[in-house]
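Q: Residues per chain, in single letters:
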Amino acid sequence: MNRYPVWKFLLMAIAVVVGLLYTVPNLYGDAPAVQVSAAKLTTKVGSDTATQVAQLLSAASIKADYVTFEGTSVRARFADTDTQIHARDVINAGLNAGADKDSPPYSVSLNLVPRAPRWMASLHALPMYLGLDLRGGVHFLLQVDLKAALDKKTDTLVTDTRTLLREKQLRTVVARDGNAVTMAFHDAATATQAVNALTDSFPDVQWTQAADGADFKVSGALKPAALVKAQEAAIKQNMTTLGNRVAGLGTSEPVIQQQGPDRIVVELPGIQDTAKARELIGRTATLEFHLADNGVEAAAAETGAGPVPFGDDRYDNAPDVSTRRGSQTVVKKDVIASGDDLTDAQANFDSQTQAALVRVTLNAKGARNMKDVSGQNVGKPMAVVLFEKGKGQVINVATIQSELGENFQITGIGNAEQATELALLLRSGALAAPMEFIEETAIGPSLGADNIAKGLHSVAWGFAAILVFMCAYYLLFGVISTLSLGVNLLMLVAVLSLIQTTLTLPGIAAIALTLGMAIDANVLVNERIREELRAGSAPQTAIAAGYERAWATILDSNITTLIAGGSLLLFGSGAIKGFAIVHCLGILTSMFSAVFFSRGLVNLWYGRQKKLKSVLIGQVWTGGAKQPGDQLPVPDDLAVEDAAAARRKR
Amino acid sequence: MEFFRIRRDIPFMRHALVFNIISLLTFLAAVFFLVTRGLNFSIEFTGGTAVEATYVQTADLERLRGVVRNLNYGDVQVQNYGTSHDVIIRVPTKAGIDQKQVPSRVFAALCQAEAGAVGTKTETTAKGEVVTRPSCTAGAGEPVVMKRSALVGPSIGDELLRNGSYALISVVIGIMLYLAFRFEWKFSIAAIVANLHDVIIILGFFAFFQWEFSQAVLAGVLAVLGYSVNESVVIFDRIRETFRRFRKLTTMQVIDHAITSTISRTIITHFCTQMMVLSMLIFGGPTLHYFALALTIGICFGIYSSVFVAAAIAMWLGVKREDLVHTGAKNEIDPNDPNAGAVV
Chain A
8 MNRYPVWKFL
18 LMAIAVVVGL
28 LYTVPNLYGD
38 APAVQVSAAK
48 LTTKVGSDTA
58 TQVAQLLSAA
68 SIKADYVTFE
78 GTSVRARFAD
88 TDTQIHARDV
98 INAGLNAGAD
108 KDSPPYSVSL
118 NLVPRAPRWM
128 ASLHALPMYL
138 GLDLRGGVHF
148 LLQVDLKAAL
158 DKKTDTLVTD
168 TRTLLREKQL
178 RTVVARDGNA
188 VTMAFHDAAT
198 ATQAVNALTD
208 SFPDVQWTQA
218 ADGADFKVSG
228 ALKPAALVKA
238 QEAAIKQNMT
248 TLGNRVAGLG
258 TSEPVIQQQG
268 PDRIVVELPG
278 IQDTAKAREL
288 IGRTATLEFH
298 LADNGVEAAA
308 AETGAGPVPF
318 GDDRYDNAPD
328 VSTRRGSQTV
338 VKKDVIASGD
348 DLTDAQANFD
358 SQTQAALVRV
368 TLNAKGARNM
378 KDVSGQNVGK
388 PMAVVLFEKG
398 KGQVINVATI
408 QSELGENFQI
418 TGIGNAEQAT
428 ELALLLRSGA
438 LAAPMEFIEE
448 TAIGPSLGAD
458 NIAKGLHSVA
468 WGFAAILVFM
478 CAYYLLFGVI
488 STLSLGVNLL
498 MLVAVLSLIQ
508 TTLTLPGIAA
518 IALTLGMAID
528 ANVLVNERIR
538 EELRAGSAPQ
548 TAIAAGYERA
558 WATILDSNIT
568 TLIAGGSLLL
578 FGSGAIKGFA
588 IVHCLGILTS
598 MFSAVFFSRG
608 LVNLWYGRQK
618 KLKSVLIGQV
628 WTGGAKQPGD
638 QLPVPDDLAV
648 EDAAAARRKR
Chain B
206 MEFFRIRRDI
216 PFMRHALVFN
226 IISLLTFLAA
236 VFFLVTRGLN
246 FSIEFTGGTA
256 VEATYVQTAD
266 LERLRGVVRN
276 LNYGDVQVQN
286 YGTSHDVIIR
296 VPTKAGIDQK
306 QVPSRVFAAL
316 CQAEAGAVGT
326 KTETTAKGEV
336 VTRPSCTAGA
346 GEPVVMKRSA
356 LVGPSIGDEL
366 LRNGSYALIS
376 VVIGIMLYLA
386 FRFEWKFSIA
396 AIVANLHDVI
406 IILGFFAFFQ
416 WEFSQAVLAG
426 VLAVLGYSVN
436 ESVVIFDRIR
446 ETFRRFRKLT
456 TMQVIDHAIT
466 STISRTIITH
476 FCTQMMVLSM
486 LIFGGPTLHY
496 FALALTIGIC
506 FGIYSSVFVA
516 AAIAMWLGVK
526 REDLVHTGAK
536 NEIDPNDPNA
546 GAVV
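Note that the protein sequences, when read in sequence, are chains A and B.
Each residue of the first sequence is one higher than the last, beginning at 8 in my numbering.
Each residue of the second sequence is one higher than the last, beginning at 206 in my numbering.
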């Protein structure tokens, strides 16, 4: 009865092998590496950059373990820190050759990457991320003001409505009322006409028409679905902007995540200086629209043949700016509109020519200025300058075709990809909604290392104590219990690594606590088996009955624990969520290890023996009452132990 | 080895009233302290700033208090954290103070008190990672090092408290529904009353000693709630089984038998869990200290409440054989019953 079919043993073996495979990467630790990422919005890092880095390294005959492009950066791993530092200098000199020292296009930084072999990574066997409390760094929680994003959106809607009605020659005054756009018409026919036109152009808006005294009022508000979409878009854009801002920092694994409906978490490992980090992620890249100088002197200045004319500025062109000019553009000093005035920029297609274009939307103030300046300068070029770290770069030069207003299009960009990129750059100057820092933590690197040691010691000593006790008390069954507890730990770490959880100190505490609780299942089984033996069952029957009867209890008790863990998961945030994830997963793995796995080990050991006389489960005391029905109501004797009987046994 | 050699069923229920009165008194005391003293919430809940620094020399708390008082941040707490070299400085949120400046100002004040100069240090670790951190240099050494700073806006705290209560409520409702479905409503009430009484007692300890109540402690409390309920479940399971196996016993005898036959497992399990928690208490450092403490109290009272309180309440509520053992032949072969077939 205590036999497993072959497939069950196979399953056990697979569990152990897979568990080991996914746990092992955590034991390798980190290796020195060099990371190359874009220091400017206009720099592109891709697989080409990886090839370039590899060439630079081989030219300097530096041996790298590998050079890869992952996500947004290129990483090269080295055997030791000396090679790493040498490689950093070589790569930096190569990639940023000839660039301005203060604002190089690439950021080349020293970093750490997992030391685990590459074949493991290709199986997705990667180490867990360490939380900031274990590795040091800064953590920010930013609250996004979604109301402001909505305000911005409504403002855009008001101007768009106005433009459309003017085009259709429907005379009215468009006003804003809260988050709605309102207007009034003198007759119902015009109102209906307006509603139809508006519904066609703005399907995201719910337009309603109502009689208001002698007038016919039309009002429009964003549909709930569109509202949600607008808010999501705002958060997303803010996250993209934050991503751009931290990319140049060169930290190994910056985390930018949405938390809840309106919050963003930013975590930067390896930095402890909150003030500086705050300044950096709070920094707005500014964008300015300038008239480009078309004069002869300016043309000379652009090629370096003459000085910059009075009242002008000269900026470098971004790598892929297609102009008739050289590598620089001379622009007038006056700012037509800035990034603050930019409400939106979207890549699009011309409906007739299918040419790629970018639609730009300005706010009222920017639009007024743009209208004045562009009206007087039709046919002249206008440049868009992006400022980063105080240094400007021209990202687009386009000829003004007509007087421009709130909405205008930049055409002649090239392909759709370039249009998308330009729209992204234009938007990168601005946040879709303002953000506020509501939580920030800085953890020193020494504290992180300290916390790892503390967490590991807690688990290790607790585990050792349980091991010693279980083996002493339940003998062979104790050994089996601790083995299955070990498998539980192995599987838990493997699952956590597989789903790439971020390990934090509360997470380690949860591992310890879960192991401490998981032993309950083994105790239940072992006690049941002893009980069955006490009642006079044959060893094989006792083992089978013990496992079977304990199962219902184990299931029940684990479900209640899971309910608690699930609630924490649902309502917790940050570290508590980490705790809950580990706790819940640990309960699930413990059911496998304590019931299925330990039974397998018992079957392997005892299952084949047909005439099993006794099992090594520690002393089973049989002096007590076998049936509760045997007893009479007992008087006050709480005497638990029959000392004489015990002595006799010994 | 065998610790529990129990000849007869221990008549736990005969003293149920006494135990329940003890429980009630402890419970009332806990409520009293919770009301009069309140919990000492960490800055995660209250909002505020905490700066953790470590000194080369033993930190002179009195002198540090004077240094920090000069910053005029109001009711600032200065305490040792972990060892005598480590201090934690907690600054509450106060109108008119730019919270973002607090960590750097506090650190600057601490640094000046040691006659040091504040700067930023960029260093490459032995492993090869670049680390930038604020530093305080005096001569060749660094008398004080900033280990951690945390800043929590006031809006977060309310939300955490709210989410914490939601979590507690959902645990309670979830467990009650499960037990009512799995056993019977009397058991579900008994288990939840017994275990909420544990939770209140843990909180009472935290209120009485004014231990810091952090998010981790809250997680510990909820985890322990699930854990002690599972204790009650083991006993209830056995009560149901005993009702099935021994038809002649009275309810009281059944409960006594169930508790007696599971007491060995109860104590050994809790002992093992407690060893793990003790290991956290000893090796886990200050961050895990109160978490482990909450678990310790929870485990100790968990045994007590499962054994003496939960079963007793179920008894007062009048649990009967008919509640658990459905009469008729169907009972014996019910395939959904996990105990079916296991009956000897």
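Accuracy of the hints is not assured; some may be wrong.
Simulated crosslink set (DSS-like; lysine-lysine; CA at most 25 Å straight-line) [unchecked claim]: (1) A:LYS243 - A:LYS108; (2) A:LYS15 - A:LYS387; (3) B:LYS305 - A:LYS154; (4) A:LYS51 - A:LYS617; (5) A:LYS108 - A:LYS159; (6) A:LYS283 - B:LYS453; (7) A:LYS70 - B:LYS305; (8) A:LYS372 - B:LYS525; (9) A:LYS108 - B:LYS326; (10) A:LYS154 - A:LYS398; (11) A:LYS15 - A:LYS175; (12) A:LYS283 - A:LYS340; (13) A:LYS108 - A:LYS378; (14) A:LYS243 - A:LYS154; (15) A:LYS283 - B:LYS525; (16) A:LYS398 - A:LYS15; (17) A:LYS372 - A:LYS159; (18) A:LYS243 - B:LYS299; (19) A:LYS51 - A:LYS159; (20) A:LYS387 - A:LYS372; (21) B:LYS453 - B:LYS525.
What the hints contain is simulated information worked out from the structure, not anything from laboratory work.
Q: Keeping to a limit of 25 Å between CA atoms, is the pair of A:LYS108 and B:LYS326 held or broken?
A: It holds: about 21 Å lies between the C-alpha atoms, which stays within 25 Å.
Q: Is A:LYS108 close enough to A:LYS378, meaning Cα to Cα at most 25 Å?
A: Violated - the C-alpha atoms of A:LYS378 and A:LYS108 are around 39 Å apart, more than 25 Å.
Q: Just to be careful, I want the Cα atoms of A:LYS372 and A:LYS159 compared with a cutoff of 25 Å; is the pair within it?
A: 13 Å, holds
Q: Assess, step by step, whether the Cα of B:LYS305 is no farther than 25 Å from the Cα of A:LYS154, and give holds or violated.
A: Cα-Cα ~24 Å, so holds.
Q: For B:LYS453 and B:LYS525, compute the direct alpha-carbon distance and say whether it is at most 25 Å.
A: 12 Å, holds
Q: Regarding the pair A:LYS243 and A:LYS154, is the alpha-carbon distance no greater than 25 Å?
A: Holds. A:LYS243 to A:LYS154 sits at ~15 Å (cutoff 25 Å).
Q: Could you grab the alpha-carbon distance between A:LYS372 and B:LYS525 and see if it respects the 25 Å cut-off?
A: Violated - the C-alpha atoms of B:LYS525 and A:LYS372 are around 79 Å apart, more than 25 Å.
Q: Does the alpha-carbon distance linking A:LYS243 and B:LYS299 stay inside the 25 Å limit?
A: 33 Å, violated
Q: So if I understand the rule, the pair passes when the alpha-carbon distance is 25 Å or less; does A:LYS70 with B:LYS305 pass?
A: Answer violated: A:LYS70 to B:LYS305 is near 45 Å, above 25 Å.
Q: Within a Cα-Cα threshold of 25 Å, do A:LYS51 and A:LYS617 meet the stated pairing?
A: 71 Å, violated
Q: Given the proposed pairing of A:LYS398 with A:LYS15, does the C-alpha separation stay at or below 25 Å?
A: 66 Å, violated
Q: Decide if the proposed pair is consistent with the structure: A:LYS108 and A:LYS159, CA atoms, cutoff 25 Å inclusive.
A: Measuring from Cα to Cα gives roughly 38 Å; hence the hint is violated.
In summary, the structure is inconsistent with hints 1, 2, 4, 5, 6, 7, 8, 10, 11, 12, 13, 15, 16, 18 and 19 from the numbered list given earlier, while agreeing with the others.
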